[in-house]
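Chains as they are written, first to last, in the numbering used here: chain Z, 23 to 348; chain D, 23 to 348; chain L, 23 to 348.
FYI, nobody ran anything at the bench for these hints, they're computed from the structure. Keep in mind it's a predicted model, so treat the numbers as computed, not measured. Among the hints, erroneous ones may be present.
[Stated by the list, open to error] Incomplete in silico selection of chain L near chain D, CB under 8 angstroms:
{"#": "1", "residue": "Ala269"}
{"#": "2", "residue": "Gly285"}
{"#": "3", "residue": "Gly303"}
{"#": "4", "residue": "Asn329"}
Here a beta-carbon is modelled for each residue, glycine too, at the ideal position from N, C-alpha and C.
Here's the letter readout for the chains.
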Amino acid sequence: MSNPFFKNHGPFLISEILKFLNIKVDGISSKQEVLDIKDLYSSNNTDITFFHSKKYKDVAKNTKASYCVTTESLKNDLPKNCIPLVVDNVLISVSKLTSKFYPDSINDDFDDSVIDILKTEFQNKVKCGNNVLIGKNVSIGLNCLIGHNTIIEKNVSIGNNCSIGSNTIIRNSIIKDNVKILDNCVVGKHGFGFFPIDNKNLRYPHIGHVLIEENCEIGCGSTIDRGSISNTIIGKNTYLDNQIHIAHNVKIGKNSVIAGQVGIAGSSIIGNNVKIGGQAGISGHLKIGNNVEIGGGSGVIKNIPDNKKVMGYPAKNIREFLRDSK
Amino acid sequence: MSNPFFKNHGPFLISEILKFLNIKVDGISSKQEVLDIKDLYSSNNTDITFFHSKKYKDVAKNTKASYCVTTESLKNDLPKNCIPLVVDNVLISVSKLTSKFYPDSINDDFDDSVIDILKTEFQNKVKCGNNVLIGKNVSIGLNCLIGHNTIIEKNVSIGNNCSIGSNTIIRNSIIKDNVKILDNCVVGKHGFGFFPIDNKNLRYPHIGHVLIEENCEIGCGSTIDRGSISNTIIGKNTYLDNQIHIAHNVKIGKNSVIAGQVGIAGSSIIGNNVKIGGQAGISGHLKIGNNVEIGGGSGVIKNIPDNKKVMGYPAKNIREFLRDSK
Amino acid sequence: MSNPFFKNHGPFLISEILKFLNIKVDGISSKQEVLDIKDLYSSNNTDITFFHSKKYKDVAKNTKASYCVTTESLKNDLPKNCIPLVVDNVLISVSKLTSKFYPDSINDDFDDSVIDILKTEFQNKVKCGNNVLIGKNVSIGLNCLIGHNTIIEKNVSIGNNCSIGSNTIIRNSIIKDNVKILDNCVVGKHGFGFFPIDNKNLRYPHIGHVLIEENCEIGCGSTIDRGSISNTIIGKNTYLDNQIHIAHNVKIGKNSVIAGQVGIAGSSIIGNNVKIGGQAGISGHLKIGNNVEIGGGSGVIKNIPDNKKVMGYPAKNIREFLRDSK
Chain Z
23 MSNPFFKNHG PFLISEILKF LNIKVDGISS KQEVLDIKDL YSSNNTDITF
73 FHSKKYKDVA KNTKASYCVT TESLKNDLPK NCIPLVVDNV LISVSKLTSK
123 FYPDSINDDF DDSVIDILKT EFQNKVKCGN NVLIGKNVSI GLNCLIGHNT
173 IIEKNVSIGN NCSIGSNTII RNSIIKDNVK ILDNCVVGKH GFGFFPIDNK
223 NLRYPHIGHV LIEENCEIGC GSTIDRGSIS NTIIGKNTYL DNQIHIAHNV
273 KIGKNSVIAG QVGIAGSSII GNNVKIGGQA GISGHLKIGN NVEIGGGSGV
323 IKNIPDNKKV MGYPAKNIRE FLRDSK
Chain D
23 MSNPFFKNHG PFLISEILKF LNIKVDGISS KQEVLDIKDL YSSNNTDITF
73 FHSKKYKDVA KNTKASYCVT TESLKNDLPK NCIPLVVDNV LISVSKLTSK
123 FYPDSINDDF DDSVIDILKT EFQNKVKCGN NVLIGKNVSI GLNCLIGHNT
173 IIEKNVSIGN NCSIGSNTII RNSIIKDNVK ILDNCVVGKH GFGFFPIDNK
223 NLRYPHIGHV LIEENCEIGC GSTIDRGSIS NTIIGKNTYL DNQIHIAHNV
273 KIGKNSVIAG QVGIAGSSII GNNVKIGGQA GISGHLKIGN NVEIGGGSGV
323 IKNIPDNKKV MGYPAKNIRE FLRDSK
Chain L
23 MSNPFFKNHG PFLISEILKF LNIKVDGISS KQEVLDIKDL YSSNNTDITF
73 FHSKKYKDVA KNTKASYCVT TESLKNDLPK NCIPLVVDNV LISVSKLTSK
123 FYPDSINDDF DDSVIDILKT EFQNKVKCGN NVLIGKNVSI GLNCLIGHNT
173 IIEKNVSIGN NCSIGSNTII RNSIIKDNVK ILDNCVVGKH GFGFFPIDNK
223 NLRYPHIGHV LIEENCEIGC GSTIDRGSIS NTIIGKNTYL DNQIHIAHNV
273 KIGKNSVIAG QVGIAGSSII GNNVKIGGQA GISGHLKIGN NVEIGGGSGV
323 IKNIPDNKKV MGYPAKNIRE FLRDSK
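Modelling step: build the complete structure from the supplied sequences, incorporating the hints.
Written out as structure tokens, the structure is:
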């Protein structure tokens, strides 16, 4: 699937890519074109991919990509159809290369292409407040409300019967039917992703988007960052209270309830029917099962299986927590 | 007392209410009118009330209401003057019925009735910034300041000598004299109250308001939700730092000091002269006494008597916390 | 160095100051002028200073100030060149006196002196959004972006190549080159500093500013308060995620990384290359060394030496934390 929001500035000749990465590889036909950069699994023979950790060895063996950015020690796990491009730091090289394909995904400067909604096709279709701005590539369904001073920046699709509050900013997001996003939110900005380098960090691209499914509610002052490679997803009928922070690539299931000031760090996956109490925090790259209940104030630092009730910091079985803290 | 902000769409004939709740009760005169829905304590003989938990048995015995939504097992505790209306789920039925009386209290869509302050009676009376919007049923006292892009939505009363910052949104609130509300706050929106139902939660009405007493200060980026049945109250001369979340029905006493990023969950009651350190969280439905000190980062999950100093998660005596954590 | 942003309303005759403080001291020439109020260390013979705690005894002995607000028990530690002005509560008297010298530093009412950027010298120089307001004493470098509805209030210096988001408010701040400040932030407002007094707290002046060094990034919805006497500083190439609160007088070193919803209380000093996980809190007046790593959710309540990794509440050695919590 091509990226719905970020323009692919490719194809690039492989010779140009080699030069860009500052490496030489013998026997490559310099005239071959590379159409896109994708992960090991979804690449096909017109794409370049990357392989940076042993744990992806099995997927690497079956990649269809023609080229792969990787390391000296990993290159032998690639299949014959895939030519290894060996670099010192795979993630930094991939970050730079992704930026070459998708240069618009690096910086989230304010969208200066927006215009007053009263000068757009939406003027009669949307019930809107004062000073509402609309960017390029925006669609809005029927019976929607958009509050005062709200900015729908570029690359936003809003379904039917949605209510957006005032002073809210949205970009690079797909919002399904019957969703409410209250005041002072920021949805769809890039996540907190960069390589720390002394004096000048290197930001990596965020080519994903935010997907908010049907019937969700997002409370005041919340921030939901878009994904870097994958998307950030809020499942159907999941409700978020005020001042919540959802980091990039997080996926939350359906019918979940998340109380005020909760924070979920990057790439964690939350199941269906999950209840999270106020101010709880969930570390990055975790998997929280279905029907899990997490007590207010908890700090979750490991995976939680389905149907468990946890509390504490670090979070443990709630009965144990209450007993130990007597 | 009648509701100051939400219009009562009653009275309704009791026959209409029975039909609405989809129940039948023998021997009720279908022509009797019901004026309002109130709690057990404040109802009188023109009202309908509700009784959903044994702990309200003593109040139920003395209610003056003519009708009461309740369960099969609780109905016998009602006095003779009060006819029980037995339902499966009292709170859901009451929620629906309250919505019937007060339909405007369910959704907090942006207020599209606001107009530019320069077109109102306040244009010469209030020192205001650029792009200030004022809703219906708003009063503002003498010597007040309202910053840029701030929206005073419907149903707000502001006293004398108040200073409201920029980018702030207020509705359904009573703000007394000499109050400061800084930038980017949202005051008076409905709380995080709903019945979780798969695929489509049911929001319950919030017919209360926010009351901020004299001399308070509310820091930047804070959210204070209005009450559902009762009100959310910040007592005299209480100061809130930045990024604080005060949930629905919370009541805070006077001369209290609450540091940054604190969260107080629904219906908790905080005393006078209470000091709460940064990032502390207080669970819902608790009672925190007068002169209590709560250390920064604490998670309070049970009541705290007057004059105690606590810290920790769960919060305990501060000396004990510091000793145990050595 | 004179204050870059707050106008000194002095000099005042010492006789006027004595009257203002409601004290009498024999043998003072009433015609002598006092130019400024400074701390013990930086005062010279035209200034008044203050001395309120034994721990500053050594500095007090060498102060060059001609007058010093102090207590009966401390006054004998002052040198001969410095006349003690004995009061009951040094900090309250100093607060009042600082307010006399710098009356504009007490209240942070919205800046009503701002005008639309299109009516300023910046209209062609800055790429700006809709409804951008600019206050007095503002400078902006080359190649800067300022988003929609953002208010650059009085006393702000912005360097080259800066990108400010939308709905953000900045005052009393120095922002160096290549800084990004994202949406919905408030930078440079006074801190949460006041003397608690029943019924009417007394705010103390904040005559410092916020300094954000080169290459920093500040996430959405963050608040950074300016200093009271000293400044609040974010060092070079330090990145802050969303919803972070930095209190007055905090100083953060360079190349540090601070994840979402972190709070740092007043006057704490954070070193270089420090990493702080999401939702961690740091108490006031602490010193965190260089290369320290603080796990997400931690509550830091004492100093941390260089190179330590800590986690927990209260934070301790991370290995110990993980072991104890098994």
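Verification of the supplied hints:
1. Ala269: holds, 6 angstroms
2. Gly285: holds, 5 angstroms
3. Gly303: holds, 4 angstroms
4. Asn329: violated, 22 angstroms
Hint compliance for this structure: hint 4 is the single one not met.
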